[in-house]
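Peer 1: Residue-level listing of the chains:
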Amino acid sequence: MPVLEGKELRIVGFLCNWCSYGGADTAGVGRFAQPTDLRIIKLPCTGRVNPLFVVRAFLNGADGVLVSGCHPGDCHYTAGNYYARRRLEVLRELLDVMGINPERFHYTWVSASEGQKWKQVVSDFTARIHALGPAATFTGCPAVTGQIGAAVEIGGIGETGETGMKAAG
Amino acid sequence: MNIGVFVCHCGSNIAGTVDTEQVAAAARRFPDVAFATDTMYACSEPGQAGIIQAIHEYGLDGIVVASCTPRMHEATFRKTLERAGINKYLFEMANIREHVSWIGKDKKANTNKATDLVQMAVAKLRNNSELHAGEFEINKRVMVIGGGVAGIQAALDCADGGLQVILVERESTIGGKMAKLDKTFPTVDCSSCILGPRMVDVAQHPNITLYAMSEVESVNGFVGNFDVSIRKKATYVDWDACTGCGQCMEKCPSKKAEDRFNEGVGTTTAINIPFPQAIPKKAVIDPQACIMLTKGKCGACAKLCPTQAIRFEQRDELVQEQVGAIIAATGYDLFDHTLYGEYGGGRYPDVITSIQYERLLSASGPTGGHIKRPSDGKEPRNIVFIQCVGSRDPSVNRPYCSGFCCMYTAKQAILTKDHIPDSQSYVFYMDIRSPGKLYDEFTRRAMEEYGARYIRGRVSTIQPRNGHYVVKGADTIMGSQVEIDADLVVLAVGAEAAKGAGALAEKLRISYDGYGFFMEGHPKLKPVETNTAGVYLAGSCQGPKDIPASVAQGSAAASKVQALFSKDKLASDPQVSGVAMQRCVGCGKCESTCPFGAIEMTEFRGMPKASVVETVCQGCGVCAVTCPQGAIQLQHFTDNQILAEVNALCPY
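Taken in order, these protein sequences are the chains called U and L.
153 is the number that full-length UniProt numbering gives to position 153 of the first sequence; each next residue is one higher, with no gaps.
562 is the number that full-length UniProt numbering gives to position 562 of the second sequence; each next residue is one higher, with no gaps.
So here's chain U without its partners, still in its complex pose (with noise of 0.2 angstroms):
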């Protein structure tokens, strides 16, 4: 089911293996169907997730990046989402300064019993990162090898124009 037909972007996801990766196995179960694009990295826990993870997959030619844990409260190792939101709220404001549009970005909790929510969250973040588009590619510095679409994103004159901060669900 992808959201353009015939073609898929792509969305790199950074998911627990205790909530959402058990959320997107539920969904599955369930054969929720989703749209095709996401691709799953499993991790222990949200705060394994290294904000710098999320920027090599930017700077690597990804199109979206989703991270995903256990709901505030439930994380399987008590504080482990704690830091990821702290890390992750930091790293949205610094995206916009790194040429990078922070829509593309999307953090949210899903628990291990929320397949319908999980559907939802991929439904939802896939559609939106289409309504955006394949993200400018980087390859160098633009400043230097003056590559047109890199420096429309980065120059804030295209996408960046847009960029709401969305409350993360």
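Among the hints, erroneous ones may be present.
What the hints assert, rightly or not - Heads up, simulated BS3-like pairs for lysine-lysine below, C-alpha to C-alpha not over 30 angstroms straight-line:
hint, chain 1, residue 1, chain 2, residue 2
1, L, Lys79, U, Lys117
2, L, Lys609, L, Lys507
3, L, Lys107, U, Lys7
4, L, Lys105, U, Lys7
5, L, Lys303, L, Lys256
6, L, Lys105, U, Lys117
7, L, Lys108, U, Lys7
8, L, Lys437, L, Lys183
9, L, Lys177, L, Lys437
10, L, Lys251, L, Lys303
11, L, Lys79, L, Lys609
12, L, Lys108, U, Lys117
13, L, Lys472, L, Lys567
14, L, Lys107, U, Lys117
Unchecked claim - To give a feel for the contact side, a few chain L residues facing chain U, derived at Cβ under 7 angstroms:
hint, residue
15, Asp116
16, Cys620
17, Val625
18, Gln629
By construction, these hints were calculated from the structure, which means they are not laboratory data.
Note that the coordinates shown come from a computational prediction; the quantities given were computed from them, not determined experimentally.
Even for Gly, the Cβ is constructed at its ideal location relative to N, Cα and C.
Starting from the known structure of chain U, arrange chain L on it as the hints suggest.
Peer 2: Chain L only, in chain U's frame:
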């Protein structure tokens, strides 16, 4: 590295929407992949034999299986690797069933996605290293928190199996909710007659240490080696001296103390033994009601006590215990019905809760087993029972079914008829939920033999009129309004999480749901485990349960502890953090962020260095992100392993 890739069909579960052959063909082109094939059922015995054969035949030293979720079969395949003689951490799974074949029907997109997932798994595996589990000693003692029927069962089963048990109970006696019930459904057995002997067993068992009037203060450590601090609350009575004779209760001049055992039906004395069968049968002084403790004079009990057991100067005391496993059996509390303004919100004296009614029915209760209205002490004729008060009602944030109210209401309707033969019971219900053994027959008996009138519908208001209560509601089967003149209204209040459940869960480091009930390890397959190793659940702390289900869980939790303790040493999980000494600058950030206190600062040649206590580390990886030097890494989830997956997915 020589990597083998096995792409599972899972019958048609995967092969139906993923071209597994093509995925395997694509996998052969990934770096280090020496062998790739598709297989019918990788987890089956021939499937696993195929993996072992390929390992030997092609000299494989790393395996990727693309099949179901690793939460299902990772452990299975790791054992397969061990049998083939290679380290079980040189293994990765690509989840192409739950995350691919089951969520989309587009075979081309699915095949493409499955190939990507295999590529990521291969990329990670190339960065894996052999990990070896350590061993540690276990302390074969168990702590049971909560002395209700589930906790009693768990404690007795563990103790009978030869384990030393510490039973911690918040109240001054064990017995829990079951001790307050008059009879039990569907057999109409006397509740305290069947529970009483079990309570005595607890008191007399040589392997059980009972801490009543005690709460868990803190829990440290890990499976096999928990350090527990227990707060023994002040009872103002020396329990070693108290014989439970009860003379103090007779002479205590303060008779307006809250009677918690009788759920506020009547009052009791400030010094009190909750009920005759209490275990331990020891007196406790309520400091709020005691004249000596509030005003500084009286001391009638102290003068009278034949063993001089009264200690007005007693204070709380902390006791330390070491255990290897913990069973939480903290039960439930009843819904606060005052949230329902339409039922009077607690203002009408003759609108009572089901458990208060239970105390009125009980021969050991405040009325000696005679049903008397709280307002005037008269025997009621018309009694209305209202079901689902605080159950299945999203407007009060209780959307779940409490599960046992339908049954206890039927029992109370039957007992009402036994007590007052010319009475008439009315039951307002939403549905009758009676799925247990002999349960449906029992509710039918209430209607057919005992003449309880069941009305399907909700009550809209209760209004007092001339010493009676007019109960107005809808009969949704007849499609009509109903008005009943009631002498007594009994609200079938639902169950909610015990007070303080969340705080206890945080001490135990277990999860709890939005209502405060503790989360089991798996809703189907791990009903009494938690996600914290060595901590188990029994009874209603996990969700509302009736007595047989609570007892079954108590035994189940005990059997899990017995299985855990059947080994003398436990293997530690090697997926923990490790410090690269040369890189560590000793800043201590990891020490301050670790949620488990698993990092200690040590000294190496005069320099401060972080060091991981491997048995305490739970493997969350919070430290690895905190470290400004990249010196501390979570084994099996190192920066290089995760970035290899990112790079495989986003290659430019």
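Peer 1: For every hint, state whether the structure bears it out.
Peer 2: Against the structure, the hints:
For a cut-off of 30 angstroms, the pair hint linking L/Lys79 to U/Lys117 is broken: about 34 angstroms separates their Cα positions. Between L/Lys609 and L/Lys507 the alpha-carbon distance is near 29 angstroms, which keeps this suggested pair within the 30 angstroms criterion. Only pairs whose Cα atoms come within 30 angstroms are accepted, and L/Lys107 paired with U/Lys7 is accepted, the gap being roughly 14 angstroms. Restraint check for L/Lys105 and U/Lys7: the C-alpha separation of about 15 angstroms stays at or below 30 angstroms, so the hint holds.
Proximity of L/Lys303 to L/Lys256 is assessed by CA-CA distance (about 21 angstroms); at most 30 angstroms being required, the pair is judged to hold. Using a Cα cut-off of 30 angstroms, the hinted pair L/Lys105 and U/Lys117 holds, with the two alpha carbons roughly 20 angstroms apart. About 11 angstroms separates the Cα atoms of L/Lys108 and U/Lys7, which keeps this hinted pair within 30 angstroms; it holds. Distance hint between L/Lys437 and L/Lys183 is fulfilled; the C-alpha atoms sit about 17 angstroms from each other, no more than 30 angstroms.
Pair hint L/Lys177 plus L/Lys437 holds up; C-alpha atoms about 22 angstroms apart against a cutoff of 30 angstroms. Of the supplied pair hints, the one linking L/Lys251 and L/Lys303 holds, its CA atoms being roughly 10 angstroms apart against a limit of 30 angstroms. This hinted pair does not check out: L/Lys79 and L/Lys609 have alpha carbons roughly 36 angstroms apart, beyond 30 angstroms. Only pairs whose Cα atoms come within 30 angstroms are accepted, and L/Lys108 paired with U/Lys117 is accepted, the gap being roughly 26 angstroms.
For a cut-off of 30 angstroms, the pair hint linking L/Lys472 to L/Lys567 is broken: about 62 angstroms separates their Cα positions. Only pairs whose Cα atoms come within 30 angstroms are accepted, and L/Lys107 paired with U/Lys117 is accepted, the gap being roughly 24 angstroms. Taking 7 angstroms as the C-beta cut-off, the interface hint given for L/Asp116 holds, the closest approach to chain U being about 5 angstroms. For the restraint placing L/Cys620 at the interface with chain U, the shortest Cβ-Cβ distance is roughly 4 angstroms, inside the 7 angstroms limit, so the hint holds.
Given the 7 angstroms rule on beta carbons, the hint for L/Val625 holds: about 5 angstroms separates it from the nearest Cβ of chain U. Because the closest C-beta pair between L/Gln629 and chain U is about 13 angstroms apart, greater than 7 angstroms, the hint is violated.
Hints 1, 11, 13 and 18, counting from the list given before, are not met by this structure.
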